[in-house]
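Peer 1: Got chain P; can you put chain H on it based on the hints?
In order, the protein sequence lines correspond to chains P and H.
For the first sequence, the numbering used here gives the first residue as 1, with consecutive numbering after it.
For the second sequence, the numbering used here gives the first residue as 1, with consecutive numbering after it.
Some hints could be false.
[Said to hold, decoys possible] With a cut-off of at most 27 angstroms between alpha-carbon atoms, the simulated DSS-like pairs for lysine-lysine come out as follows:
1. P:K117 / H:K112
2. H:K53 / H:K43
3. P:K117 / H:K147
4. P:K117 / H:K142
5. H:K159 / P:K83
6. H:K53 / P:K117
7. H:K142 / H:K159
8. H:K151 / P:K83
9. P:K23 / P:K7
10. H:K159 / H:K147
In case anyone wonders, no lab produced these hints; they're calculated from the structure.
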Amino acid sequence: MKRLTAKQYAVNLLDVMEALPAKEQPAAAQRFFQLLQRRRLIRLLPRILSNLEAESYRRAGVLPVTARAARDLPATTAQQLTKQLGQPVVLTAVTDPTLTAGVQFTVGETLIDSSLKALLTSLRQRLTNHTTT
Amino acid sequence: MSELLHNLGINGKLLIASTVNFFLLFLVLRRFVYGPVVRMLEKREKTVADSLKHSAEVESVRNSLAVEREKIVLAAKTAASDLLQEAAQRADRLRADALTAARTDADALVAKTKAALAEERAALMDSVRHDVADLVVTATEKILEQKMTDKADHALIAKTIAQLEAKP
Numbered sequence: 001m002k003r004l005t006a007k008q009y010a011v012n013l014l015d016v017m018e019a020l021p022a023k024e025q026p027a028a029a030q031r032f033f034q035l036l037q038r039r040r041l042i043r044l045l046p047r048i049l050s051n052l053e054a055e056s057y058r059r060a061g062v063l064p065v066t067a068r069a070a071r072d073l074p075a076t077t078a079q080q081l082t083k084q085l086g087q088p089v090v091l092t093a094v095t096d097p098t099l100t101a102g103v104q105f106t107v108g109e110t111l112i113d114s115s116l117k118a119l120l121t122s123l124r125q126r127l128t129n130h131t132t133t
Numbered sequence: 001m002s003e004l005l006h007n008l009g010i011n012g013k014l015l016i017a018s019t020v021n022f023f024l025l026f027l028v029l030r031r032f033v034y035g036p037v038v039r040m041l042e043k044r045e046k047t048v049a050d051s052l053k054h055s056a057e058v059e060s061v062r063n064s065l066a067v068e069r070e071k072i073v074l075a076a077k078t079a080a081s082d083l084l085q086e087a088a089q090r091a092d093r094l095r096a097d098a099l100t101a102a103r104t105d106a107d108a109l110v111a112k113t114k115a116a117l118a119e120e121r122a123a124l125m126d127s128v129r130h131d132v133a134d135l136v137v138t139a140t141e142k143i144l145e146q147k148m149t150d151k152a153d154h155a156l157i158a159k160t161i162a163q164l165e166a167k168p
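This is chain P alone, in the form it adopts within the complex (with noise of 0.2 angstroms):
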């Protein structure tokens, strides 16, 4: 029997979980846990969980962002996010004060980190990796 990847199970659990009523999807998400302990398959669950949030999203039309900042978001920032996509976004707002200050955006797989600590880390690395002449 040929093996599915994660994604593969991420999208045929959405696809079951979408074709059956609100009240049956937790069992059938049950069962779904079960077969993957039979074929010892435990071990993707986290891999097929982050797929099958991103397929959601993606089916969805909706883009997630994580940003992360030393302080509390602009009540406007996923607004603004939206506009600025050209697209619905689902923003999760994480508090990290060891960023100081600005913000790190996940924006699907990609990373653009404006923080403070970010912009320190490159500053020491630039002082750092200058060779002596």
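Peer 2: What follows is chain H alone, placed relative to chain P:
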């Protein structure tokens, strides 16, 4: 005859007696003096001749020994000269070898010292760079922490959003 002898003042009997005496004396001398003296002289002559002959042989041997000695001395001088020359050449070689070895060691020591100094300098520069980087980054971070307000932070976030590109 007798008268003639008488006229000459010669006594015949005395002459005969003298002659007999002479012969007797001659015989006695020949028997007891002349013979031994002659033998002694012959023996001495032979001894002298032997001595002369021996002396000649000795002289010959001495001459040959002198020649041999000259040869030996010459050979010794030649050998000594060769030894001295060889010793001098060997000393020159040893000196040259020692000089070369000393130069090689000195060059190696200089190169090693230069390498160590360069390494130490590089390590020092690296340490200084890291220290300066830490200082600059820490100072910058402190200043920005003090200067960074919510408004400035939000402006920075807005600027970042503005730099995002829409997915096709």
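Peer 1: All hints, please: hold or fail.
Peer 2: Hint-by-hint comparison with the structure:
For the hint linking P:K117 to H:K112, the alpha-carbon distance of about 42 angstroms lies beyond 27 angstroms, and the restraint is violated. Of the pairs offered as hints, the one joining H:K53 and H:K43 holds, with about 15 angstroms between alpha carbons and a cut-off of 27 angstroms not exceeded. For the proposed pair P:K117 and H:K147, the alpha carbon gap of about 15 angstroms is at most 27 angstroms, so the pair holds. The straight-line distance between the Cα atoms of P:K117 and H:K142 is roughly 12 angstroms, inside the 27 angstroms bound, and the hint therefore holds.
Straight-line distance between C-alpha atoms of H:K159 and P:K83 comes to about 14 angstroms, which keeps the hinted pair within the 27 angstroms bound. Of the supplied pair hints, the one linking H:K53 and P:K117 is violated, its CA atoms being roughly 127 angstroms apart against a limit of 27 angstroms. A distance of roughly 22 angstroms separates the Cα atoms of H:K142 and H:K159; the hinted pair therefore holds under the 27 angstroms criterion. The straight-line distance between the Cα atoms of H:K151 and P:K83 is roughly 21 angstroms, inside the 27 angstroms bound, and the hint therefore holds.
Taking the CA atoms of P:K23 and P:K7, the gap is about 25 angstroms. The hint holds against a cut of 27 angstroms. For the hint linking H:K159 to H:K147, the alpha-carbon distance of about 18 angstroms falls within 27 angstroms, and the restraint holds.
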